[in-house]
Amino acid sequence: MSHLPVLLVIVYLGSAFLTPLLSRLKRFSANWFAVGVAALGLLVSGTSALYLAEVGPFSYFPGGHPLPWGIEISVDWVAVYMQLTINFIAFMVLIYSKADLIREVEQGAISWYYTLFFLLMAALNGLALAADLFNIYVFTEISSLTACALVAIKSQRQCVEASLKYMILSTLGSGMVLLGISLIYMVTGHLNINVLGQALPAAFAAYPWNILVALSLFIIGFGIKSALFPLHVWLPDAHSSAPTPSSAVLSGLVIKVYVIVLAKIIFQVFGIDLFSAIPIPEVLLLLATFGIFAGSILAIGQKDIKRMLAYSSVAQICYIYMGLALVTETGAVGGLLHVFNHAVMKSSLFLAAGAIIYKTGIRKIEDLAGIGYRMPITMAVFSVGALSMVGIPGFSGFISKYYLAFGALDAGKPFYVAVILLSSLLNAIYYFPIIVRAFFGQGGGKFSRDNLPRMMSLPMLVLAGITVYFGILPGGLVKIVELAAATWLR
Amino acid sequence: MQDMVLQTVAKLLIPFIQLYGMYVIFHGHISPGGGFAGGAIVASSYILYALAHDVGAGFKQFPRLVAKWLESLGGLIFLLVGLVGIIRGVQFLTNIPEWLGQVGSIFSAGIIPLLTVAIGMKVCSTIVTLFYNLMEEDHD
Amino acid sequence: MISNLVDNLHFLTAILLFLIGFHTMLTHSNLIKKIIGMNIMETGIFLFFISIGYVEGGSAPIIREGTAMVNPLPSALILTGIVVGVSLTAFALALVIKLYRYYGTIDADEIMRLRSNEE
Amino acid sequence: MRAALTTVVLVLIGLILLFMVAEMPTFGEMGPAYNEVAHHYTQCAVDETGATNVISAIILDWRAYDTLGEATVLFAGIAAVLAILAAHGQRKKGR
Numbered sequence: 001m002s003h004l005p006v007l008l009v010i011v012y013l014g015s016a017f018l019t020p021l022l023s024r025l026k027r028f029s030a031n032w033f034a035v036g037v038a039a040l041g042l043l044v045s046g047t048s049a050l051y052l053a054e055v056g057p058f059s060y061f062p063g064g065h066p067l068p069w070g071i072e073i074s075v076d077w078v079a080v081y082m083q084l085t086i087n088f089i090a091f092m093v094l095i096y097s098k099a100d101l102i103r104e105v106e107q108g109a110i111s112w113y114y115t116l117f118f119l120l121m122a123a124l125n126g127l128a129l130a131a132d133l134f135n136i137y138v139f140t141e142i143s144s145l146t147a148c149a150l151v152a153i154k155s156q157r158q159c160v161e162a163s164l165k166y167m168i169l170s171t172l173g174s175g176m177v178l179l180g181i182s183l184i185y186m187v188t189g190h191l192n193i194n195v196l197g198q199a200l201p202a203a204f205a206a207y208p209w210n211i212l213v214a215l216s217l218f219i220i221g222f223g224i225k226s227a228l229f230p231l232h233v234w235l236p237d238a239h240s241s242a243p244t245p246s247s248a249v250l251s252g253l254v255i256k257v258y259v260i261v262l263a264k265i266i267f268q269v270f271g272i273d274l275f276s277a278i279p280i281p282e283v284l285l286l287l288a289t290f291g292i293f294a295g296s297i298l299a300i301g302q303k304d305i306k307r308m309l310a311y312s313s314v315a316q317i318c319y320i321y322m323g324l325a326l327v328t329e330t331g332a333v334g335g336l337l338h339v340f341n342h343a344v345m346k347s348s349l350f351l352a353a354g355a356i357i358y359k360t361g362i363r364k365i366e367d368l369a370g371i372g373y374r375m376p377i378t379m380a381v382f383s384v385g386a387l388s389m390v391g392i393p394g395f396s397g398f399i400s401k402y403y404l405a406f407g408a409l410d411a412g413k414p415f416y417v418a419v420i421l422l423s424s425l426l427n428a429i430y431y432f433p434i435i436v437r438a439f440f441g442q443g444g445g446k447f448s449r450d451n452l453p454r455m456m457s458l459p460m461l462v463l464a465g466i467t468v469y470f471g472i473l474p475g476g477l478v479k480i481v482e483l484a485a486a487t488w489l490r
Numbered sequence: 001m002q003d004m005v006l007q008t009v010a011k012l013l014i015p016f017i018q019l020y021g022m023y024v025i026f027h028g029h030i031s032p033g034g035g036f037a038g039g040a041i042v043a044s045s046y047i048l049y050a051l052a053h054d055v056g057a058g059f060k061q062f063p064r065l066v067a068k069w070l071e072s073l074g075g076l077i078f079l080l081v082g083l084v085g086i087i088r089g090v091q092f093l094t095n096i097p098e099w100l101g102q103v104g105s106i107f108s109a110g111i112i113p114l115l116t117v118a119i120g121m122k123v124c125s126t127i128v129t130l131f132y133n134l135m136e137e138d139h140d
Numbered sequence: 001m002i003s004n005l006v007d008n009l010h011f012l013t014a015i016l017l018f019l020i021g022f023h024t025m026l027t028h029s030n031l032i033k034k035i036i037g038m039n040i041m042e043t044g045i046f047l048f049f050i051s052i053g054y055v056e057g058g059s060a061p062i063i064r065e066g067t068a069m070v071n072p073l074p075s076a077l078i079l080t081g082i083v084v085g086v087s088l089t090a091f092a093l094a095l096v097i098k099l100y101r102y103y104g105t106i107d108a109d110e111i112m113r114l115r116s117n118e119e
Numbered sequence: 001m002r003a004a005l006t007t008v009v010l011v012l013i014g015l016i017l018l019f020m021v022a023e024m025p026t027f028g029e030m031g032p033a034y035n036e037v038a039h040h041y042t043q044c045a046v047d048e049t050g051a052t053n054v055i056s057a058i059i060l061d062w063r064a065y066d067t068l069g070e071a072t073v074l075f076a077g078i079a080a081v082l083a084i085l086a087a088h089g090q091r092k093k094g095r
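Residue numbers (the numbering used here), protein chains in the order written: chain A, 1 to 490; chain B, 1 to 140; chain C, 1 to 119; chain D, 1 to 95.
Here chain A stands alone, though its shape is the one from the complex:
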């Protein structure tokens, strides 16, 4: 049973290695294989959550060597929470992807698409579990490489361009992370996160420069990868030009996993005391505030619907940063809740936008008038996601903002409550016109049916359902997240 967490990585890696071989078989459908593997992944992550509830956090040592010379995989509530999020969203997106990819990706590249998708999933699951700095680096590299490839695989030239930009900046980020790892290793001689947490105070007393430079390198490096304002320049291009399933996964999962990894490094290696002693939380809060406003204001000006959603991600990722940088337990609960809530909302929005593009080819927001009558289900899903983004009570986005606001009050920073309220208003400014135009603009009339493949509408409906469900009954989710937040901030 204790093998369960690492089994997820093995399953995804094994499927990735097998896909190129299996795709030579005549009756092999890469898509159904992927859906099956993702279902298995969801099952395994669910089981490991139950197992964790039974035995409590535990460590796993691949290779069987104890600390400090082995690699540790630490299975705690953060890891399991992330795994559940990752596998659930992946499962939904993979169901959706079958019909969509035929339009967006060349026939010969589809099995490669799923190979890369499996590798990305393995890397994200590995990142959620990793408790070793170098292990984090390796999985980070796999995930950035595959994420770039998932952007470039669409047969349009702006995708290649966006992907190259993404790739160059993310290499810069990982270079900084590696330099940070080397600086930490230099003064402590350890790579394991928990061992480092104990060794760091002494090292900080002897070599403060190394530690501080390493901390800033980690923040900049992962900041680039997770599109922390003002390092977000690659995100709008990459996320808007990618095929829809990639957009959903990149915006929904990949950037957040980097935030979580950064938080793991900061809280478990550097520790709250060191992190709060220097004004880094304040700087992060300030950047997050700027990012929330800049992302929202830039989103207002966008004409392309996917590009608008991408800018909205720039703003939303900053809520997670804000929640974690408040360094209070309620704030962290808000930030972590937003990981799941935003993943669900943003992927449902991207999938809905993708469905509109799939059916009508419309990408321009101004052309969307009356689309609510032609594709009522899709636009209903979009509206649920949009309302949740704005933070209307009754949708899951409200819950995370509620916790964020209380976290800000707990930290004695009521300014950020105002930021959250004001940003909700900004969100409303760019989401509501779309809904209004779709349902109340000209070109209306009678509702007709969506005529989408069932494989496309089903996952969207499930995601919208989840958004509403956790908006009304957030109890179970909040419980897991509170356990997760308690691993960092007690």
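Bear in mind the hints are in silico, worked out from the structure with no lab data behind them.
Think of the CB as a built atom: it goes at the ideal place given N, C-alpha and C, for glycine as much as any other residue.
Warning: the hint list may mix true and false statements.
If you want a taste of the chain B side facing chain C, the calculated C-beta under 10 Å gives, among others [what the hints assert, rightly or not]:
hint: 1; residue: 30
hint: 2; residue: 31
hint: 3; residue: 32
hint: 4; residue: 34
hint: 5; residue: 36
hint: 6; residue: 40
hint: 7; residue: 123
hint: 8; residue: 127
hint: 9; residue: 130
hint: 10; residue: 137
Which bits of chain D does chain C cover? Going by a derived footprint, with three or more residues having C-beta under 8 Å, they are [what the hints assert, rightly or not]:
hint: 11; stretch: 14 to 21
hint: 12; stretch: 32 to 41
hint: 13; stretch: 47 to 54
hint: 14; stretch: 67 to 76
Use these hints to put chains B, C and D onto chain A, whose structure you have.
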């Protein structure tokens, strides 16, 4: 680029390069080297061949299908060796103490030589495939 | 402090390489040069990491009788780093080839200009 | 303009790193990095793994999980390259 001198010298050199690469792979656990270095050396012989002849000839020596198989097999062997650990009731990727053997001989160190060979295969096929494919793109 | 700086010449060189690569990556518009810059930056980091492991008079980490060895861990880790660098470079080159096919140039500014002309 | 700005930023970063190098453990000495972990690796390689090449012992036994990731990076690289080559076909430039 059909140069006779180049082709003849390449033909003479390639067996030695490959032999040396194999040596480096198989002695990875007892002397300097290992799967990465050895795989790259073996790959360099194929690259030399493609440079002396052309990519088409290179693809004849190292067909895409073989590359695909080696690529996937390298990873799968790694995973299977790791799963042996789980089957034996210990952790993933644990070494097998009964196979440690005589220190310094080729058949020693448990799973290390197995993994070295898997990595050697993988590195070799990766480098050759990357090089051939990029070179092929460049040609036409 | 200054004497330590002189002793740490290896680290200084590595940092310099890192900065040169960084600069090349950010300022040059030629995409191939950007990729070269990426590689120089990575090389700087690798050199830095490897230098941590060096011990005066240490030999390569192959077990023999009675010799002091350098720290083997940085070398082992950088092996991974190099492999990662190879994959990233290959991928970036493939992207540049495709961009060249689409636009007929490998200059980032030129590509921007071509795109804005079309819109 | 942009080049000048980048240069200024890089000079600043360089100065910070210069100060850091001046305060760092000295090159070639047994600094804090050469701790019990490194000693364990060099002393117990033969007993625990049977390999005399310590690097091999580290990458394929103590840290084999990292090397699995590394092999995966190679696989990801090749999958990515072949995917884009397949996805973008043999089109002529311009379109």
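Right, here's what the structure says about each hint:
Because the beta carbon of residue 30 of chain B sits about 8 Å from the nearest beta carbon in chain C, less than 10 Å, this interface hint is met. Interface restraint check: residue 31 of chain B against chain C, minimum CB-CB distance 7 Å, threshold 10 Å, status holds. Interface restraint check: residue 32 of chain B against chain C, minimum CB-CB distance 6 Å, threshold 10 Å, status holds. At its closest, the beta carbon of residue 34 of chain B sits 8 Å from a beta carbon of chain C; the interface hint therefore holds under the 10 Å criterion.
A cut of 10 Å between beta carbons decides the hint on residue 36 of chain B: the least distance to chain C is about 6 Å, and the hint holds. Given the 10 Å rule on beta carbons, the hint for residue 40 of chain B holds: about 9 Å separates it from the nearest Cβ of chain C. Taking 10 Å as the C-beta cut-off, the interface hint given for residue 123 of chain B holds, the closest approach to chain C being about 8 Å. Against a cut-off of 10 Å between C-beta atoms, the interface hint on residue 127 of chain B holds, since the closest Cβ of chain C lies about 8 Å away.
Interface hint status for residue 130 of chain B: upheld, as the beta-carbon distance to the closest one in chain C is roughly 5 Å, under 10 Å. Satisfaction of the interface hint for residue 137 of chain B is found here, the shortest Cβ-Cβ separation to chain C being roughly 5 Å, below the 10 Å cut-off. Counting residues of the stretch 14 to 21 of chain D whose CB lies closer than 8 Å to any CB of chain C gives 4, so the stated coverage by that chain holds, three being the minimum. For the stretch 32 to 41 of chain D, the stated coverage by chain C holds: 5 residues have a C-beta nearer than 8 Å to a C-beta of that chain, and at least 3 were required.
With a cut-off of 8 Å between beta carbons, the stretch 47 to 54 of chain D has 3 residues touching chain C; three or more are needed, and the interface restraint holds. Here's how the stretch 67 to 76 of chain D fares: 6 of its residues keep a CB closer than 8 Å to some CB of chain C, so the rule of at least three is met and the hint holds.
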